[in-house]
Structure formats: structure tokens, C-alpha cells
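Work out the full structure, taking the sequences as your base and the hints as a guide.
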Amino acid sequence: MLWYNAWLETRWRFLIGLALLLCSVVATVLLYPQLLKLIPLAPTNGSGELAQKIRESVELLRQYRGYVWSKWFGDNLLKMATLFAILLGTGGVLSGRAAMFTLSMPISRSRLLGIRAATGLAELFILVFIPSLFIPLLSPAIRQSYGVGTVLIHSACVFVVAAAFFGMTLLLSTIFSDVWRPLLIALAIAVVIGIHDEIFYRQPYTVFRVMSGESYFRGGQMPWGGLLLSAIVSAVMYYGAVAKLARRDF
Amino acid sequence: MAERLIVEAADLRKTYDGVEALRGLNLQVPAGSICGFLGRNGAGKTTTIKILLGMARPTSGIARVFGLAPDSPKTSVEIRRRTGFVSEEKELYGYMTVEELIRFTAAFFPQWRADLQQRYLRNFDLPPNRKAKLLSRGMRTKLALLLALCRGAELLLLDEPTSGLDPAMADEILQVLVAHVADGETTVFFSSHQIAEIEQIADRVAIIDRGRAVLSGALDELRANFRRIQLVFDGDAPKTSFRSAGVERVQRSGRVLTVFSSKGAEQIIEEARAMNPVSVDAGPVSLKEIFLETVTAEE
Numbered sequence: 001m002l003w004y005n006a007w008l009e010t011r012w013r014f015l016i017g018l019a020l021l022l023c024s025v026v027a028t029v030l031l032y033p034q035l036l037k038l039i040p041l042a043p044t045n046g047s048g049e050l051a052q053k054i055r056e057s058v059e060l061l062r063q064y065r066g067y068v069w070s071k072w073f074g075d076n077l078l079k080m081a082t083l084f085a086i087l088l089g090t091g092g093v094l095s096g097r098a099a100m101f102t103l104s105m106p107i108s109r110s111r112l113l114g115i116r117a118a119t120g121l122a123e124l125f126i127l128v129f130i131p132s133l134f135i136p137l138l139s140p141a142i143r144q145s146y147g148v149g150t151v152l153i154h155s156a157c158v159f160v161v162a163a164a165f166f167g168m169t170l171l172l173s174t175i176f177s178d179v180w181r182p183l184l185i186a187l188a189i190a191v192v193i194g195i196h197d198e199i200f201y202r203q204p205y206t207v208f209r210v211m212s213g214e215s216y217f218r219g220g221q222m223p224w225g226g227l228l229l230s231a232i233v234s235a236v237m238y239y240g241a242v243a244k245l246a247r248r249d250f
Numbered sequence: 251m252a253e254r255l256i257v258e259a260a261d262l263r264k265t266y267d268g269v270e271a272l273r274g275l276n277l278q279v280p281a282g283s284i285c286g287f288l289g290r291n292g293a294g295k296t297t298t299i300k301i302l303l304g305m306a307r308p309t310s311g312i313a314r315v316f317g318l319a320p321d322s323p324k325t326s327v328e329i330r331r332r333t334g335f336v337s338e339e340k341e342l343y344g345y346m347t348v349e350e351l352i353r354f355t356a357a358f359f360p361q362w363r364a365d366l367q368q369r370y371l372r373n374f375d376l377p378p379n380r381k382a383k384l385l386s387r388g389m390r391t392k393l394a395l396l397l398a399l400c401r402g403a404e405l406l407l408l409d410e411p412t413s414g415l416d417p418a419m420a421d422e423i424l425q426v427l428v429a430h431v432a433d434g435e436t437t438v439f440f441s442s443h444q445i446a447e448i449e450q451i452a453d454r455v456a457i458i459d460r461g462r463a464v465l466s467g468a469l470d471e472l473r474a475n476f477r478r479i480q481l482v483f484d485g486d487a488p489k490t491s492f493r494s495a496g497v498e499r500v501q502r503s504g505r506v507l508t509v510f511s512s513k514g515a516e517q518i519i520e521e522a523r524a525m526n527p528v529s530v531d532a533g534p535v536s537l538k539e540i541f542l543e544t545v546t547a548e549e
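Protein chains in written order, with the numbering used here: chain A, 1 to 250; chain B, 251 to 549.
Mixed in with the good hints, there may be bad ones.
DEER-style ranges, computed between Cβ atoms [unchecked claim]:
no., chain 1, residue 1, chain 2, residue 2, range
1, B, 324, A, 97, 25 to 35 Å
2, A, 110, B, 353, 16 to 26 Å
3, B, 539, A, 250, 29 to 39 Å
4, A, 191, B, 292, 51 to 61 Å
5, B, 364, A, 179, 47 to 57 Å
6, B, 378, A, 33, 51 to 61 Å
7, B, 377, A, 225, 32 to 42 Å
8, B, 261, A, 199, 54 to 64 Å
9, B, 446, A, 110, 35 to 45 Å
10, B, 416, A, 118, 37 to 47 Å
11, B, 361, A, 110, 16 to 26 Å
Keep in mind that the hints were calculated from the coordinates and are not lab data.
Remember, it's a predicted structure, so these values are computed and weren't measured experimentally.
Positions of the beta carbon are idealized from the N, C-alpha and C atoms, including for glycine.
Structure representation (C-alpha cells):
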């Protein structure tokens, strides 16, 4: 029943996320032919860093594989997964008005948190993988193809890093008793990381580069170091949340 | 034979951000009793109940429920398995229907009383398909009580169970409690600042003030022991102090000297007669007077 309760508490966030991501993936795939027609209009002759970036982007878009990676795994899914990882991590296990009722049940706080975390991660997993799997499914409709294996690898990268954002928000939710502070702090941290990644975009292992699986896209190399670090961060955040919740007074 | 204690607290202290909520609380609730936990708002009643259920950890001191420590995660789960609880706010999962909440709660308690569930659903007239957030406060209280009573619990911890209810509904809730306890071996520990409802259903009382138990015991014994002794003199009442034990307070007002005693009224009366008053009159006191006297004495 705790699983059911965790599902009821998070279902709207999850369902809204799923609907948005499904719409987004369908649009991403079906708009590719229109985008191809616009590519010749792109200004690629200039000099300087901006022109260089434009040329790189245009080159990516010329190939369907590059387009899917840059628009979906490197942009839409990456941003939405980060956002919904944070949203699913908020609300905490015992931050609602019915916390006293939950706490009166014969169940340990660590188990409560474990079930809440597992439910959130399962929802996040579905949010990342299911819409992404629509890419190989829809691609034939625009006379393109995309490998399921590639989808799974990129989705796994997105999921592992998004899980760290989820863990961070879960920890913040056990520290603060309200919903808004964990949400705003986690979003602020994500924005700061995003700005950092934009500024230092030449560095090979920024957070969102690992998340998009860029090294796999460009050279077939999995970003194992980044993924391992993200998994460790997730685990530390989770155990931090368990420890904090165990000590917390209600 | 010594009474089996279901709830015990010794020198229990709790500090929140430098504010002392409990300041050395001592408490004993014997098995099978209905113990009213009486105190003013902010006296420490809710904090005590939270500590007994493991929702808050004591700063120092000892708390035991069924002889188990509520501040240990493992034994705290065992305590909650054997305890029914109703919080002051009666907040439930608003997104669940009455039926879902019953199913949710029943899943945690192997000794769930399906017979009582049916009875209370009928008696309380609870709509099974209505979401908890759409229930009135009275209905929510009834549902919270149903969820606590049907657990097959040995102990009911009720935090202000009738707060916010009209007198008729409060009375209905109290009657249900009495009937429920009469059916079995349940111990009830309920907090309240309503003296009348404690007098109505409790057989024991513990009065808490500013984080300390200032008085506790069987209600009948307290009523039997506490006395107001009034001495009337010819002239102004003398300024005097009593040697006898049990004198809680002495009040002078013109020709009248009022002694409030907690025990040994006969000895006090004997001592008073030596002062040659015109008249000596000893009478019983109500729980309200006992409460006010003990709380005022603390001030």
C-alpha cells in the first residue's frame, strides 16, 4: 500500500511529464524534414566562435543521428528529465500535512523513504526511456531510422545523471519541511550547473555532456567516469536523506 | 501486585531550538486505564505524545511504551504496531477516499478489526467513496478515530480528539471511546484542555504544565484527597502558616482564610481549630478547581 500511496502522491507530476515528453519526442521526429529544408538558409560563412558553433550545429543537423542526439538527448530530454527528476524528488516522504498519520504506521522511516525513492526513480526511468523509444518507432514515418541500442545507451546516461538530481532534491526535501525551498534550491543548482557547462563547453566531462552521452555519440566511448560519479552522488544523497530523516523531529 | 504500566516517562526533557517543551516530565499510565492528559495550550501534551510514538526524540530522560523505547527505530515500529493514534489536526491523505484510507491502514495491521470497521462505518455514517479532503472536520475526526480503533490496538494515543467539534459530536466521540474500551483491554491516553471531557470518561488524570507533570493519579483518589478548608474568624484572618503536610495554598481575604489541601485534610482541620476560628468548613473540590490550583501554584 505504501507503493500505491507514493504513486498517488506523485502521479500527476509523472503523468504531466510523460505527456509533455511524448509530445516533445513526436514533434522532434516529425519536424526533421522541415528542418532539413531550412539548413541551407543557415549562415555558415562567418568567422569567430559563434560562426564556428553555428557550423558545428548545422553539421550535426545534416545527419538524422546528429539531429536526434543534439535536439533530443542533448536538449529536450536532458532539460525535461532534469526538471522532472527535481519535481519527482520534491514533496518528500513526510512533508505533507498527513505526515503524522504516515508516521503512526508501523513502518520505519528508512523504508518509507526507500519506497518513495524507488517509486520516484521508477517514474523517472519511464519518463526517460519510454518517450525515447518512440524515436526508432516513429523514424520510419519520415524515412529515417534510429537504433534501439543507441536509444537505450543515451537514455541510460540521461537517467543516471537525472537520478543524481532526484537524489539531491530528495535530500533537500528531508532537510526542509516545506515543498518550495527544496524545489527552488534544486532548480537553482541545476541552472548554475547548466551555466557552468555553457561557459566551459570545451571541457569533455561537464555534467550535461555526461548526461547527453556526448562521448558515446562522437567517439563510441561511454562516459563511465561521469556515470560512476553520478551514481555515487545519488547514493550519497540517498543515504544522507535516510540519515537526516532518521534524526528529524516531527 | 504492582500495576503493569503501558506508558512511562521519567525526567523527560525536550528542547526545540532552545525552547524547553518538556522540563523533566514524569508519567505513568497503568494498563486498562483511561488517562486524561490535561494541560493548557502549549503545556507539552503534543510533544509528549510525539515522543511516545517515536515522532520526536527526547533531549534527555526516559520514555517507555509497553516497556519499549520509542526513540529506537526498531522498537518504535513495534510500539506503533500496537498503538492507535489520532493527531490533533486529524490530517489524512486528502487524495484518498474513505474506503482507500481504510484499506491503506488495514494493510499495516494484521489484527485489523473488520467487524468494528463495518460497525463504525455504519454508526459514523461515513461515505466510503468520498475523498478525505472533502470531509468536514467532524467526519474527518470520525474517520481518524475509526482508523485508530480498528487497528486492534492495545493502546490508543489521542491528541485532542474532540478539538474543533461541536458539543454533540464531541460527546458522540467520547461515548464511542468509552464503549470501545469497555469491550476490551485497551488503554487510552488522551490529551485535552477540556476538563469536562476528562471528568466524563477518564479514570486517571495527569496534569501537565510548562513541560512538567504537576499532578497525576486516579481521578477518584484526587477528588477524595483534595479539599478546600474555609476558616472564618471574628476579625481579620491571621497571617499564619500550616505545619501539616498537604497544604498546597493558603489564601487570606478579610475574615476568611482558605486552605487548599491535597491530602491529610483532618490533620489540617485540627491544626486550624487551634487558631480559634468562628467556623471551619471542609468541602470537596472539582477537577477544574484542582487543575486551576495546581497550575496557579506553578506560577
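Hint check:
1. B:324 x A:97: 25 to 35 Å: holds, 28 Å
2. A:110 x B:353: 16 to 26 Å: holds, 24 Å
3. B:539 x A:250: 29 to 39 Å: holds, 36 Å
4. A:191 x B:292: 51 to 61 Å: violated, 42 Å
5. B:364 x A:179: 47 to 57 Å: violated, 36 Å
6. B:378 x A:33: 51 to 61 Å: Holds, since residue 378 (chain B) and residue 33 (chain A) (Cβ atoms, about 54 Å apart) stay within the stated range.
7. B:377 x A:225: 32 to 42 Å: violated, 57 Å
8. B:261 x A:199: 54 to 64 Å: holds, 58 Å
9. B:446 x A:110: 35 to 45 Å: holds, 43 Å
10. B:416 x A:118: 37 to 47 Å: Because 44 Å falls inside the window, the suggested range holds.
11. B:361 x A:110: 16 to 26 Å: Holds: the Cβ-Cβ distance is about 25 Å, inside 16 to 26 Å.
Hint check: violations occur at hints 4, 5, 7; the rest are consistent with the structure.
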